[in-house]
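**Q** Next come the chains, spelled out residue by residue.
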Amino acid sequence: MDFSLNEDIQFLKRNIREFVKNEVDPFAMEIEEKDEIPHKIIAMSKEMGLFGLSIPEEYGGLGIGMVGKCALYEEVGKTHNGYTTLIGAHTGIGTVGIVDMGNEEQKKKYLPAMARGEKIGAFALTEPSAGSHATNLKTTAVRQGDKFILNGSKHYITNATVADVFTVMAITNPEKGAKGITSFIVEKDFPGFKVGAVEKKMGLKGSQSAELFFEDCEVPIENVLGEEGQGYVNALKILANGRAGLAARNLGSCQKLIDMSMEFVEERKQFNVPIIEHQAVAHMLAEMAMDTEALRSFTYRVAWMVDQGQKVIKEAAMLKLFGSEVYQRVADKAVQVHGGIGYISEYPIERYFRDARITRIYEGTSEIQKNIISGQLRKEYKK
Amino acid sequence: MDLIVIMKRTFDTEDRISIKNGLIDEEEAEFIINPYDEYAIEEAILLREKHGGEVKVVTVGDEEAEKELRTALAMGADKAVLIDTEDVDVELDHFSIAEILTSYLKTQDFDMILGGNLAIDDGSGQVAPRVARKLDINLVTTITKIEVEGDKVTIERDVEGDVETVETTLPVLVTCQQGLNEPRYPSLPGIMKAKKKPLETIDYDDLDLEEEDIQAKSKSVELYLPPERTAGRVLKGDMEEQAKELVELLKTKSKVL
Ligand SMILES: Cc1cc2nc3c(=O)[nH]c(=O)nc-3n(C[C@H](O)[C@H](O)[C@H](O)COP(=O)(O)OP(=O)(O)OC[C@H]3O[C@@H](n4cnc5c(N)ncnc54)[C@H](O)[C@@H]3O)c2cc1C
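Chains as they are written, first to last, in our numbering: chain A, 1 to 383; chain B, 1 to 257.
These are computed hints drawn from the structure, not numbers from a lab. Treat the hints with caution; some may be incorrect.
[Said to hold, decoys possible] Straight-line Cα separation of at most 35 Å, DSBU-like style, residue types lysine-lysine; simulated pairs:
#1 A:Lys13 - B:Lys193
#2 B:Lys195 - A:Lys46
#3 A:Lys40 - B:Lys67
#4 B:Lys195 - A:Lys311
From a predicted model like this one, the values you see are computed outputs, not experimental measurements.
Given these sequences and hints, build the entire structure.
**A** Here is the structure:
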């Protein structure tokens with residue numbers, strides 16, 4: 001068993017750490033206030049190649065495995081989570097569909113531009129009627145000659161306003177239920193496609209989620225992603241692949257919260273001593289560190305399993321669940337050890353607390369992860 | 001255009017630094033490319049992007065410095081050279097490093113050599129000027145802008161806050177000042193490619209130098225950390241009282257009056 005990262009990954013990791021610390025962190029307050037990520041940061045991130053994190057080398061990406069990706073996501077997770085989500089959604093659910101299920105033409109057409117960040121990706125499954133019940137889609141796709149005609153809508157779609165390429169799930173055969181769903185690559189300029197209003201949210205400022213509308217939207221048949229009828233399976237695979245990455249981003253945020261908290265508790269004095277000398281405060285930090293360390297081990301273990309080609313449905317669900325619950329706990333304690341200032345918006349702690357909250361909901365709620373885990377367990381024990 | 005950047009690996013002065021047995025504790029320190037040398041690397045890459053040619057980075061040090069050379073390659077330099085002084089038994093100082101660099105550079109073709117204005121570790125700014133002198137080429141220090149047209153080089157340099165414009169010709173050695181450019185981050189694909197770029201290690205004794213030729217001419221007597229800064233004091237009372245107290249303190253406490 002070897003837990004060390006190879007030299008390349010360490011180098012990449014160091015580089016991203018410096019980048020987010022020097023170039024993104026100083027703008028966190030601005031992102032929060034304007035609900036927008038400064039163009040300069042996005043442009044620099046593109047130049048750095050961050051948008052190609054999960055794309056194979058032959059298509060202009062980095063070509064690193066899941067362990068490597070997680071190591072880098074951990075660094076991206078340390079900064080403003082809106083920025084983290086922009087990068088995470090693009091490099092995660094926004095591109096892996098094309099990487100894993102795309103045919104050669106599709107990969108050649110989309111991936112190099114996506115690796116350079118010239119085209120940004122998004123993933124569109126959720127609809128008003130289909131949240132946790134993801135197969136209950138109403139968006140339809142009807143074959144007409146060499147096109148599919150899409151009608152319907154999606155909501156809460158991350159990166160909607162900035163994305164150029166959407167992985168969209170729609171019903172091609174209403175009789176077949178989950179097996180009647182197909183995934184498509186939809187470009188923002190396709191006729192009949194429209195992005196709706198941006199949702200106002202509790203947190204994750206700068207990452208924009210919006211509705212999508214398909215009104216007789218024309219999608220050429222060569223833009224079917226994977227097999228017809230495999231759309232739901234594809235969506236599950238894309239989401240499962242994203243889970244280790246999300247956990248790694250959460251891990252980075254937890255680490256950052258510990259770093260900030262440790263600095264604070266050594267400086268802040270009450271009753272004439274640094275507050276870490278009060279055992280109740282010290283113990284909160286001990287728990288934060290322990291939770292985070294457990295998350296670290298679990299994240300890299302699952303990432304390693306992915307790199308070995310092992311099936312990780314259960315483990316990825318556990319990790320998604322555990323990672324977001326740990327993030328929430330750590331953020332809650334970080335607020336607590338900071339006292340009043342932890343609640344004040346001028347200081348970053350409360351922002352992480354709000355941003356942690358979404359991780360228990362999107363990419364499958366905590367409850368749904370438990371359904372997956374217990375479902376897998378039952379399967380295992382039936383054998 | 002053939003560009004050579006001379007660069008130094010230094011500890012990060014923004015990081016915690018501790019002293020052990022009269023030396024900087026290297027175990028504790030974080031190492032980086034000297035930030036002024038980063039301006040030099042960036043400018044060399046920009047000049048190559050504009051005029052073509054090749055950028056080679058050179059450093060004198062031990063194996064550890066390969067990390068910083070790889071960073072320069074990842075930023076976009078084409079080749080790296082490590083002049084390994086691990087086995088040198090004599091003390092080295094700025095004079096020694098300049099001697100070593102010069103004897104290497106003499107064997108190389110170049111149009112321009114770029115270095116940092118100074119290194120943030122010891123802040124002496126000696127090596128590059130010594131090299132220029134030894135090679136007997138033009139030297140312009142603290143540059144903030146550079147343009148090359150054929151053989152002609154137009155440079156703006158920082159002279160204690162003012163700008164001086166200098167015209168000179170290739171070959172020239174320049175030292176780079178803050179404000180010259182904004183060094184790029186190594187791109188992630190650049191990092192992956194850097195390991196395939198050539199990194200040559202030269203032993204100092206391949207350079208036709210004897211240890212007595214490079215023996216340090218200076219001696220470091222003592223190394224200590226600056227005193228910890230104490231908290232400032234805010235004077236209270238109305239303007240007149242404050243002024244009075246200030247004058248009093250300047251006389252008695254800091255003794256500047
Ligand atoms: C900021 C943000 C970004 C998002 N980004 C994307 C995106 O990029 N792409 C995309 O497709 N979607 C995205 N989503 C949608 C997100 O994945 C869904 O909101 C999530 O899956 C939950 O669906 P829902 O909101 O309809 O809640 P519901 O499914 O209505 O859930 C409500 C509650 O009921 C519980 N529940 C429902 N069914 C069960 C069950 N069977 N067993 C136990 N409990 C159950 C849930 O756990 C939850 O607690 C995003 C959402 C947000 C808020």
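**Q** All the hints need checking, so say for each whether the structure fits it.
**A** A quick look at each hint next to the structure:
no., hint, result
1, A:Lys13 - B:Lys193, "holds, 15 Å"
2, B:Lys195 - A:Lys46, "holds, 21 Å"
3, A:Lys40 - B:Lys67, "holds, 28 Å"
4, B:Lys195 - A:Lys311, "holds, 33 Å"
Figure legend: structure checked against the earlier numbered hints; every hint is met.
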